[in-house]
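Asks: Use these hints to put chain B onto chain A, whose structure you have.
Those protein sequence lines, which keep their order, are chains A and B. All the letters of the first sequence, read from the start, carry residue numbers 16 to 420 under this note's numbering. All the letters of the second sequence, read from the start, carry residue numbers 16 to 420 under this note's numbering.
One thing to keep in mind: the hints can contain errors.
For chains that are exact copies, the list does not tell them apart, and a pair is met inside one copy or across any two.
[What the hints assert, rightly or not] Listed next, the in silico BS3-like pairs over lysine-lysine satisfying Cα-Cα at most 25 angstroms (straight line):
id, residue 1, residue 2
1, K71, K35
2, K75, K35
3, K334, K106
4, K138, K118
5, K413, K205
6, K71, K39
What the hints contain is simulated information worked out from the structure, not anything from laboratory work.
Protein chains: 2
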Amino acid sequence: MALIVQKYGGTSVATPERIKEVAKRVAAVHDRGDQIVVVVSAMGDATDDLISLAAKIAEKPSPREMDVLLSTGELVASALLAMALNHMGYKAISLSGAQAGIKTDSSFRKARISKVEARRIQKELAEGYIVIVAGFQGITDDMEITTLGRGGSDTSAVALAGALGAKVCERLTDTDGIYTADPRVVKEAKRVAELGYEEMLELATYGNKVMQPRAIELAQLYNVPIYVASSFNNNPGTLIHGDVSMEVRNKVKSVALDMDVAKITVVGVPDKPGIAAAIFVPLAKAGISVDTIVQNASINKITDLTFTVTRDQMAEAVKAIKLIARKIGAKDIASDNKLGKVSIVGTGMQNTPGFAARMFATLNENNINIELITTSEIRITCIIAEDRVKEAVKALHKAFEVELG
Amino acid sequence: MALIVQKYGGTSVATPERIKEVAKRVAAVHDRGDQIVVVVSAMGDATDDLISLAAKIAEKPSPREMDVLLSTGELVASALLAMALNHMGYKAISLSGAQAGIKTDSSFRKARISKVEARRIQKELAEGYIVIVAGFQGITDDMEITTLGRGGSDTSAVALAGALGAKVCERLTDTDGIYTADPRVVKEAKRVAELGYEEMLELATYGNKVMQPRAIELAQLYNVPIYVASSFNNNPGTLIHGDVSMEVRNKVKSVALDMDVAKITVVGVPDKPGIAAAIFVPLAKAGISVDTIVQNASINKITDLTFTVTRDQMAEAVKAIKLIARKIGAKDIASDNKLGKVSIVGTGMQNTPGFAARMFATLNENNINIELITTSEIRITCIIAEDRVKEAVKALHKAFEVELG
Numbered sequence: 016m017a018l019i020v021q022k023y024g025g026t027s028v029a030t031p032e033r034i035k036e037v038a039k040r041v042a043a044v045h046d047r048g049d050q051i052v053v054v055v056s057a058m059g060d061a062t063d064d065l066i067s068l069a070a071k072i073a074e075k076p077s078p079r080e081m082d083v084l085l086s087t088g089e090l091v092a093s094a095l096l097a098m099a100l101n102h103m104g105y106k107a108i109s110l111s112g113a114q115a116g117i118k119t120d121s122s123f124r125k126a127r128i129s130k131v132e133a134r135r136i137q138k139e140l141a142e143g144y145i146v147i148v149a150g151f152q153g154i155t156d157d158m159e160i161t162t163l164g165r166g167g168s169d170t171s172a173v174a175l176a177g178a179l180g181a182k183v184c185e186r187l188t189d190t191d192g193i194y195t196a197d198p199r200v201v202k203e204a205k206r207v208a209e210l211g212y213e214e215m216l217e218l219a220t221y222g223n224k225v226m227q228p229r230a231i232e233l234a235q236l237y238n239v240p241i242y243v244a245s246s247f248n249n250n251p252g253t254l255i256h257g258d259v260s261m262e263v264r265n266k267v268k269s270v271a272l273d274m275d276v277a278k279i280t281v282v283g284v285p286d287k288p289g290i291a292a293a294i295f296v297p298l299a300k301a302g303i304s305v306d307t308i309v310q311n312a313s314i315n316k317i318t319d320l321t322f323t324v325t326r327d328q329m330a331e332a333v334k335a336i337k338l339i340a341r342k343i344g345a346k347d348i349a350s351d352n353k354l355g356k357v358s359i360v361g362t363g364m365q366n367t368p369g370f371a372a373r374m375f376a377t378l379n380e381n382n383i384n385i386e387l388i389t390t391s392e393i394r395i396t397c398i399i400a401e402d403r404v405k406e407a408v409k410a411l412h413k414a415f416e417v418e419l420g
Numbered sequence: 016m017a018l019i020v021q022k023y024g025g026t027s028v029a030t031p032e033r034i035k036e037v038a039k040r041v042a043a044v045h046d047r048g049d050q051i052v053v054v055v056s057a058m059g060d061a062t063d064d065l066i067s068l069a070a071k072i073a074e075k076p077s078p079r080e081m082d083v084l085l086s087t088g089e090l091v092a093s094a095l096l097a098m099a100l101n102h103m104g105y106k107a108i109s110l111s112g113a114q115a116g117i118k119t120d121s122s123f124r125k126a127r128i129s130k131v132e133a134r135r136i137q138k139e140l141a142e143g144y145i146v147i148v149a150g151f152q153g154i155t156d157d158m159e160i161t162t163l164g165r166g167g168s169d170t171s172a173v174a175l176a177g178a179l180g181a182k183v184c185e186r187l188t189d190t191d192g193i194y195t196a197d198p199r200v201v202k203e204a205k206r207v208a209e210l211g212y213e214e215m216l217e218l219a220t221y222g223n224k225v226m227q228p229r230a231i232e233l234a235q236l237y238n239v240p241i242y243v244a245s246s247f248n249n250n251p252g253t254l255i256h257g258d259v260s261m262e263v264r265n266k267v268k269s270v271a272l273d274m275d276v277a278k279i280t281v282v283g284v285p286d287k288p289g290i291a292a293a294i295f296v297p298l299a300k301a302g303i304s305v306d307t308i309v310q311n312a313s314i315n316k317i318t319d320l321t322f323t324v325t326r327d328q329m330a331e332a333v334k335a336i337k338l339i340a341r342k343i344g345a346k347d348i349a350s351d352n353k354l355g356k357v358s359i360v361g362t363g364m365q366n367t368p369g370f371a372a373r374m375f376a377t378l379n380e381n382n383i384n385i386e387l388i389t390t391s392e393i394r395i396t397c398i399i400a401e402d403r404v405k406e407a408v409k410a411l412h413k414a415f416e417v418e419l420g
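Bound conformation, chain A alone (with noise of 0.2 angstroms):
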C-alpha cells in the first residue's frame, strides 16, 4: 500500500461532469488499495469570476479580504469532489487549507508554506479515507485565511506529499506531461519520460507554462517525485525526480519558448563600481522583476548596460530608469518590447561541448538574429526577435533531434 498525493487543476474539475471524470480516477487508485490525497483548484473561471466580483468593489482590493475571497473557489471545489466520490459509495472527506494543517507565513496573495501539520490528514487516511484538500491555500498562526500565489495549488500538493512522505505527487491537468518542443509550434514534438528537477526548473523558468519554478524547488528540496499526466485520457506522462538514468541525462530535454520579454538598454554608463547597484536596486524597490542582465564590455570607461523584464512592466520600468539614468550620468535609454526568447535545456550538455555552438550556428543558418545570449550549466537560451521566435524553435528541434530522440 503506497501514499499517492493527486492534484487536479481548474480545467479538470469546471464542470459537475469533469468533478465525476476526477472522482471515477481517483477512486481507481483508492481501488487498486492505495491511500490517497487530492488536492483540487478552483472550478474553470471560478477564481477570475472572483476577481472581478471584487474589482466591482474596489480598484484595490486588501489583500487580506482578497484571500478569505479567493479561498472559496477551492472550498466549492473541494466540497463537489468529496460528494461525488460520497455519491459512488466512497469515504471521502474535504478539508480546508486550515483543516489540512497548511501552515503559512501572512504574506497575503503571496504565503509561503511554512509548516505542514498532517494529523488530522493522517488520521483521516487512516480511518479509510480519500482526502481531498483544497489547494492555493493555508493559515497563519493567527488564523488568517492566506492564499499561496501563482502555482498555488501545486506548491500545496507538492508540499503535502513531501509531508506525509508521498511516493509520488501526480499532477493532472489538461495537458500530457512536458514535450521535447510546445507541440502547437513543433508538430513533431514528442513527449519527455523523465526529466530531472534542475532541468524542468530550467523549463518553467525559460517558458515552458507546465509548472511554475517555486513547486518544483520544493519538490527537489523533499525530493518528492512529480508525475505530470493528463487527466482527460490515459496517456503516459512525464516524471520529473532527482535520480535520472545516467544515458537519459546524456541529452537535450526540451526547446523552450518565452515570447513575453521586453529589453531596455541603458546607453553610455560610466563604468564604476556601484553602479549596477545604482540601477537595480530602485528598480527592485518599484517592483519590477528583472530578468536577464547583460553588461557589454567597457570602452573608455564607458559601457551599455541591457535587461530584459516581462512586457507588462515595460512602461513602469522605463519610467524608473529615466530617473535613475540622469543621477548615474548615462547618455540615453533604448527599449523594445517586440522580443522572445528561446531556450534548450538538458544536463546532457553540462559535460558536453559544443551544443552552444550548435544552436548559434542553427539560428546564424535560418538569418535570425541574436539579440542577447544568457547561459546555465544546463540551458542556452537566445534573446530574439518575437516574429522570428516560433521559427527558431521548428529549427532547433530539428538541430536537437537526435538528443530529443
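Replies: Chain B in isolation, oriented as in the chain A frame:
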C-alpha cells in the same frame, strides 16, 4: 459609544452596487462613534446556485460537504463588504464563523450554536475595526464547518449581539419592519412600531415570514432588542423587545396569514387512553411535523382526531396514518390540502375578553366557514378555506382597526 450588531439579508447584498450601499450605511454607524459588528448573508441567489451545483453531483449530497459548500456564500459576501469599507478608507475586517468564534454542535445543515467565543471580535473592535462576520455558519470543537439552517444568519446576529452585550441587533432586509397585516393583501396595513418577543414569536409561527421563530426565541432568552427595518430606505422599522409599554400592550398587533396548511382527520377513533400517543409518536418518527391538533368531544367512546401539517408533508402523513388507523381500529381517514390559517396576535387580548367573539362574528358576517380553531394566550387562529384567507385578513384588519391603530 454603543455597540450595534447589524444583519443584512441576501437581497441587501445581492450585487456589488448593493454592497457599496450597505457599506455606506455601516460607515454611518461608525461615523457617529458607535462600534459595529455586521453579519451578512450570501449574495442574492448564491446559496441556491450552490445547492443546484451540488444537485448535479449527487442526489443526496453529504450534509457535511454541503456545509463546506454553502459556507462559501457568506464568506464571499463578508470579504466583499470589508473590501468596500476598506476602499472608503475605513478599517474593516471580515471574519468567518470559525474566526468569529461561533461554536456549534455537529448537526450539519441545522447546527445549533453552543457558545460564542468573542475574543477575536472584541480585539478587532478595540483596535477600531468594523467587524464583518459571515452569517449562517459556525465551527465545531473538531474544526468542522457547519451551517445553521433556516434563519441561520438571523440566529448568528442575535447570538453575537447577546454574547457581545450589544445595545441592539438591527435586522436589515428588503421589507420595512412588521405590519398590522401583509401589505400585499391589506392595502391599509400599517407598520407596527414595537412588539413583544411573544407577539413576534406567535406572528412568525403563524405565517409572518419576516423572521424565523428560532432567532426570536434566542433574542428573548438573552433579552436582545431586535430592530427590523429596510436596507433600501430610511423608513422607521419595528422594535421587537421585552419591555413593551403598557399602553401599547393593550392591543391586537397584527393579523397573520399562512396558506401552507393541510388537514387530516382520523374518523371514528376509539376514545381510550394512549390513543393520541399511538397516532402522533409514529408520525414524529417519520419526520412529520404536526401543527394544530384538535380532538372532538367523544360520543359513545368514539371520537374524531384532526391535525394539520404543511402541504408538502401531507402525502407522507396520509401514508403513515393509514398504517396507524388500521392498528388502532379507526373507521376512516379524510384529508384536505386547500386550507389556510388566519390569526390575530397581541398581548392585549390576554386580559381583555371579546376578541375571539369578535373574530368569529367577523368571519361569520363574511360567510367564511371556520374549520378549526386554536388559541394561545396572545393569539387566536382560525383555519379556513384557502380561497377565503385574503378576504378574511382584510375583514379582520378592518374589524380590529382601532386596536391596530
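Asks: Using 25 angstroms as the alpha-carbon threshold, which applies to K71 and K39: within, between, both, or neither?
Replies: Between. Shortest inter-copy distance 16 angstroms satisfies the 25 angstroms Cα cut-off; intra-copy 38 angstroms does not.
Asks: Classify it for me, K138 with K118: is the Cα-Cα distance of at most 25 angstroms met within a copy, between copies, both or neither?
Replies: Answer is both; intra-copy 18 angstroms and inter-copy 22 angstroms each pass.
Asks: How do K75 and K35 come out at 25 angstroms by Cα distance, when the copy is not named: within, between, both, or neither?
Replies: Between. Shortest inter-copy distance 15 angstroms satisfies the 25 angstroms Cα cut-off; intra-copy 37 angstroms does not.
Asks: Between the shortest in-copy and the shortest cross-copy C-alpha distance, which are at most 25 angstroms for K413 and K205: within, between, both, or neither?
Replies: within (12 angstroms within a copy, 84 angstroms between copies)
Asks: At most 25 angstroms between C-alpha atoms: does K71 with K35 qualify within a copy, between copies, both, or neither?
Replies: Result: close only across copies, 10 angstroms inter versus 33 angstroms intra.
Asks: Have a look at K334 and K106 and pick one of within, between, both or neither, based on CA distance no larger than 25 angstroms.
Replies: neither (57 angstroms within a copy, 33 angstroms between copies)
In terms of the numbered hints stated before, the structure departs from hint 3 and from no other.
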